[in-house]
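Participant: Guided by the hints, dock chain B onto chain A, whose structure is given.
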Amino acid sequence: MSVENAPVVDVDEAAIPVEKKMYYRFESNDKKEFRVSELAIQQSETLNRLVEAMGYTSEDVENKPAIAIENIDGKTLKLVFQWCEHHKGEAIPVDDGSVPKIVEIPEFDAKLMDIDNGLLFKLIWAADYLNIVQLLNVSCKKVANMAQGKTPAQLRRVYLLPSDEEDEAAKRAAQEAQDPRAREVEEEFEERKRQGGNSFF
Amino acid sequence: MAAWSCLPPEIKLHVIRNLDFMSRKSLRCVSYSDRDIVDSTIFTLPRVRFGYKKGRCLIVIYTGIEKFLRWEMEMGDGFINYHRSQNTFDPEFFVKKQLKDVPSERPNAFMLVIALDYLTELVAHKSIQIKTMEWELSSDGLSNDEKELVAFIINTFVTTSTFRVEELVFPERNHGPFVRIVMENAYMVGLKSFRRLGMIISAENLVPEVAHESGKTLDDGVSSYRTTLLMKDTLPTQLGLMHRNFEILKTYYEKDCPSKATYRSVYNKYDDEKVKRKVENDEYVTYITETKCGCTVLKTHSAHEKDYIEEVDVDTVTKSLPKVSTVTQEATVTQVPTVTEKVKKPALAEKDTVTQLPTVTEEDVVTPEDPVSEDAKEPTEEFKEPLMIQESTATLEATQTIQTPSLLKYLLVLIVIPIALAIILAFF
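Listed in order, the protein sequences are those of chains A and B.
Using full-length UniProt numbering, read the first sequence as starting at 1 and increasing by one per residue.
Using full-length UniProt numbering, read the second sequence as starting at 1 and increasing by one per residue.
In case anyone wonders, no lab produced these hints; they're calculated from the structure.
From the three backbone atoms N, C-alpha and C, an ideal C-beta is built for every residue, glycine too.
A hint or two may mislead.
[Claimed, not checked] Partial chain B-side listing against chain A, Cβ under 10 Å, derived:
1) 18
2) 25
3) 34
4) 37
Isolated chain A, as found in the complex (with noise of 0.2 Å):
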C-alpha cells in the first residue's frame, strides 16, 4: 500500500506544538500504513524505545520503509492509533499495586470499544503487545464490565469460547489431523470395551 493511500490517523490540530512535527510510519501484517505522531507514539512503550533505538530523522522517516509491525493486522492497529492520538501526551499510569486501581471508562474510549468482541480481544491483545497502559486498562475494564450479571454459559457465549462439545470435537478433529492411526486405534480399545476385555493387549 503506498504512502498517499495510507489512512489518515485523526490529528488533533490544537495539541500539535508549533515546532515541526514528525510523523513515524508504521505497517501492520496485512500491509496497511499508517502515521503516527511522536506524541502519539509515546503512549506505547515499545514503539517509543523501538523509534528511540532507530534514532530516525524527518529525511529518514519518509525515505526509508515503514516500520512493520508483524503481529498486528490494519483493523486493530487503527483502533490503536486512533486511541493513541486522542490520548496523546496524557501521562502514562504507574501501577505500583499500593492503591486499588478503580478504572472508567471516558466517553471517547467506549465509541471506539463499541467493536465486536474477536476486535475486542484483538485490540487487548495488541495493546499489551505494544504496552499501552492505559488502553490495556479500559479494554480490560470493558471485557471485565461485559462478564457482569451472566452465567457460566453465558460467559463461554460472550468470551467467545467453545462448549464442551465443540470442545471434543475439536480435541478429535485436531487429532486426527495429527495422526490418522489414533482413530483407528481408539476405535478398536472402544469396541474391545464393549465385548469385556480387561486388557487391551
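Facilitator: Just chain B, lined up with the frame of chain A:
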C-alpha cells in the same frame, strides 16, 4: 479468531482484577484454567453477614458502599422461600424462588444446612479476603434438641471450611454456645480481632451517634473488643457505659496485654482541632481528641500508651497539663501523695542491677525532698517529649533501686546466716 482463550494468563489476570464478585464466581465455572487464574487473585470483601433465627436464614455479602448481595431463606409450609437481591431492599426487585421437597422431619435444620453450604461455597476460599464477618446466631424459639442440632450443624461447617477473615463480629444478643463454636472451632486464617457488638436503638435517630468501646490485645496477638453503638445518647447511658469500660480497663489489667477504653461521640464538636493528654496518678493516660466532627476519648494504662499512640494524632497534642500538676499551690500539695505512692510501690521490673545504683541515687536524694516543686516549676517541659511514659518509668526504676539495698540486707540476714549456722552445726 481472537477469543478469551487466546489471551495470555497475564492479560486474563488484568481482566479478572476488574471483575465483580459474582462474575468471578461465574468465570471460575467456565474452565479449569480460568478457575486457577481467578483463584490466584485475591478479592476483598468489606463485610459478610450470616444470620440464623428459627425458620429464617440470611446471607449478606457487602462488596462496596451501598453494594451488596443478599440471600434470604424463610421456612414455609413444606417448602423454603428463597429471595435474592442485589443493591436493593425493594421486594419488587427480588428474585423469588421456592425450594420444594423439603424433608418433613427437621426442616429448619435442613434449611440451615443449605444456607451454610451456600455461605461456605461463596466465601470460604483462600482467594476471598473478608475484612469483617458477622455471625448472628439466635436460639430464640428453639427447643433444647434443636439447639443441639443447630450447634452440631454449625460445628460441622465451620470445622470443615477455612475462612480468610480479619475480624469476627458477634452481636450481643447471640446465643453463647453457638458463638463459642464459631470462635473456638472455626478455621480462620489471618484473624486479627473479635468484636462483641451491641446497639441501643432509638426512634429519633437512624444512625449511630456514639460509640463506647473497650479493647484488649490477647497473648496470641488477636484483639478482643466490646463495642456499643448508640443511636441517641442519654446521659445515664453514656455515664454507665463509660464507667463500665473504664472499670474493665482497671479490673482486667495484664502487664503484657495492652487494653484501652474509648468513647466517640458526634455531640461535642469543636472549631479548634486539638488533642489533649491527661495523666491520672501516673497510672492511666487519657487522650481527648477534639475535632469539628466530634470528640474521642481514649484511656489506657500508661505502660501501654505506646501501643495506642498511633490511634492519636500525636502532632496535634497540646501541651496541656495533667490534671494533678496544674500550677497552683493546691496542686503542688496534692501531688505529694502521688509521688510517695510511687516510692512505696513494689519493684515491678527486674532492672535492679548494681550498676544503676549510683546514677539513680543522685536523683533519689532529690525526689523525696522536693519532687513536686520540680514538676511545678517546669510543668510544660514534661510535654515536650511525646511520651511521658519514659519519664515515669525512669522514676519507677529509681524507686526500685532505692529499695534494692534493704532487700539485699534482708536476703543476707535470712539466707546467709542460717546457712552459716548450719555449716557450724554440721562441723560439730
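Participant: For every hint, state whether the structure bears it out.
Facilitator: For each hint, the structure was consulted:
Because the closest C-beta pair between residue 18(B) and chain A is about 4 Å apart, less than 10 Å, the hint holds. Against a cut-off of 10 Å between C-beta atoms, the interface hint on residue 25(B) holds, since the closest Cβ of chain A lies about 9 Å away. For residue 34(B), the interface hint holds, the least distance from its beta-carbon to any beta-carbon of chain A being 9 Å, beneath 10 Å. Checking residue 37(B) against chain A by beta carbon gives a least distance of about 13 Å; that is not within 10 Å, so the hint is violated.
Of the hints listed earlier, the one the structure fails to meet is number 4.
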